[in-house]
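Protein chains: 2
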Amino acid sequence: MLLAAAKQVFSEQGYTKATVRTIATRAGVDPAMVNHWFGGKERLFAEAVLDLPVTAEEVIGRVLHEFDGNPSGLGERIVRAFLTTWDSSEGGGFAALVRSVATHEAAAAILKDVFLNRVFDRIAEVTGPDQGQFRATLCATQLIGLGMIRYVAKFEPMASADIDTVVAAVAPTLQRYLTGDLTGG
Amino acid sequence: MLLAAAKQVFSEQGYTKATVRTIATRAGVDPAMVNHWFGGKERLFAEAVLDLPVTAEEVIGRVLHEFDGNPSGLGERIVRAFLTTWDSSEGGGFAALVRSVATHEAAAAILKDVFLNRVFDRIAEVTGPDQGQFRATLCATQLIGLGMIRYVAKFEPMASADIDTVVAAVAPTLQRYLTGDLTGG
Numbered sequence: 001m002l003l004a005a006a007k008q009v010f011s012e013q014g015y016t017k018a019t020v021r022t023i024a025t026r027a028g029v030d031p032a033m034v035n036h037w038f039g040g041k042e043r044l045f046a047e048a049v050l051d052l053p054v055t056a057e058e059v060i061g062r063v064l065h066e067f068d069g070n071p072s073g074l075g076e077r078i079v080r081a082f083l084t085t086w087d088s089s090e091g092g093g094f095a096a097l098v099r100s101v102a103t104h105e106a107a108a109a110i111l112k113d114v115f116l117n118r119v120f121d122r123i124a125e126v127t128g129p130d131q132g133q134f135r136a137t138l139c140a141t142q143l144i145g146l147g148m149i150r151y152v153a154k155f156e157p158m159a160s161a162d163i164d165t166v167v168a169a170v171a172p173t174l175q176r177y178l179t180g181d182l183t184g185g
Numbered sequence: 001m002l003l004a005a006a007k008q009v010f011s012e013q014g015y016t017k018a019t020v021r022t023i024a025t026r027a028g029v030d031p032a033m034v035n036h037w038f039g040g041k042e043r044l045f046a047e048a049v050l051d052l053p054v055t056a057e058e059v060i061g062r063v064l065h066e067f068d069g070n071p072s073g074l075g076e077r078i079v080r081a082f083l084t085t086w087d088s089s090e091g092g093g094f095a096a097l098v099r100s101v102a103t104h105e106a107a108a109a110i111l112k113d114v115f116l117n118r119v120f121d122r123i124a125e126v127t128g129p130d131q132g133q134f135r136a137t138l139c140a141t142q143l144i145g146l147g148m149i150r151y152v153a154k155f156e157p158m159a160s161a162d163i164d165t166v167v168a169a170v171a172p173t174l175q176r177y178l179t180g181d182l183t184g185g
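Sequence order for the protein chains is L and F. Going by the UniProt record's numbering, 4 is the number at position 4 of the first sequence; the sequence numbering is gapless. Going by the UniProt record's numbering, 74 is the number at position 74 of the second sequence; the sequence numbering is gapless.
Looking at chain L on its own, in the form it has when it is part of the complex (with noise of 0.2 Å):
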């Protein structure tokens, strides 16, 4: 399966090293139809190796579905959102994440363009401009961190704990991040 393919190679070769001709040929697909339904490197890491499905404007979509004018419960949405994503692919996608942004410029720059630009850009269009930037690496940390220790290093009880426990613990955070006071007032 291509994807799997590409989150392999990517893991294995870092974000600069690998080419669509090798995840292509490990796949055993034809590079040109690569580059035909996933535009080149960029999109397919952003797609193979956020974890995201299909496009992170479907992330948006499906966070802002059943919006209706009140950011209250958006802190919640996002945590559940990436959780269970992540989760359905027991982490797997996320560690090679952190591993190529751990070494690689490149990889870097292509989370915040997702990660930032596309989808907390979107969301602060909806919470309000105020410190929006800052509302969103605050944002990043925390869900970055969540990842880190739920799927990299494994500590437990958070590990193991169930969606609905890490989600009631961290949401609040992520809702003091989009819309509360951050001056510590």
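Quick caveat, the hints were computed from the structure, so don't treat them as lab data. Treat the hints with care, since some could be wrong.
You can't tell identical chains apart in this list, so a pair holds if it fits in one copy or across any two.
Computed cross-link-like contacts, DSS-like style, restricted to lysine-lysine with a CA-CA straight-line distance of at most 27 Å [stated by the list, open to error]:
| # | residue 1 | residue 2 |
| --- | --- | --- |
| 1 | Lys154 | Lys41 |
| 2 | Lys112 | Lys41 |
| 3 | Lys112 | Lys154 |
| 4 | Lys112 | Lys17 |
| 5 | Lys17 | Lys41 |
Use these hints to put chain F onto chain L, whose structure you have.
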């Protein structure tokens, strides 16, 4: 300098492959003296890569130093202690830590020993035992994620924000994870 050599070697070779002999040779000192000073590879890793000044016990001491029986300021003290330590090496130690944890299970086990068993178990004695390990891993998610975004992925404005701004935004999260309601109520 020995700790700088250890940080280099752990970063290049990972925890499993790195040896005390390699590190000592790089630093131009006698391996026997390294074992005498540090008591072996695990301790050396904890101090060089976790980048805790001298020992984890000293960080706890700093956090609890002005402790007056009221745990309400612990969140702020913890965030400030870690950021001050990591900022002082421009995040170099933290980046090495992430690479090791992402690729070596032994490194994750040592991180867990230092971070959870030595730091947060001591803090849990103060805050009370209710869900102590779950609270400790929640604190770990926020602190590790903060390090990832500030020092490894370097997302702006988080990477350049002054310590006081970050502490004000993040301290309430740590405080709630330590002593607050985790049920989303």
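Quick rundown of the hints versus the structure:
no.: 1; hint: Lys154 - Lys41; in the structure: between (30 Å within a copy, 22 Å between copies)
no.: 2; hint: Lys112 - Lys41; in the structure: within (16 Å within a copy, 35 Å between copies)
no.: 3; hint: Lys112 - Lys154; in the structure: both (24 Å within a copy, 9 Å between copies)
no.: 4; hint: Lys112 - Lys17; in the structure: within (20 Å within a copy, 32 Å between copies)
no.: 5; hint: Lys17 - Lys41; in the structure: within (11 Å within a copy, 32 Å between copies)
In summary, this structure violates none of the numbered hints.
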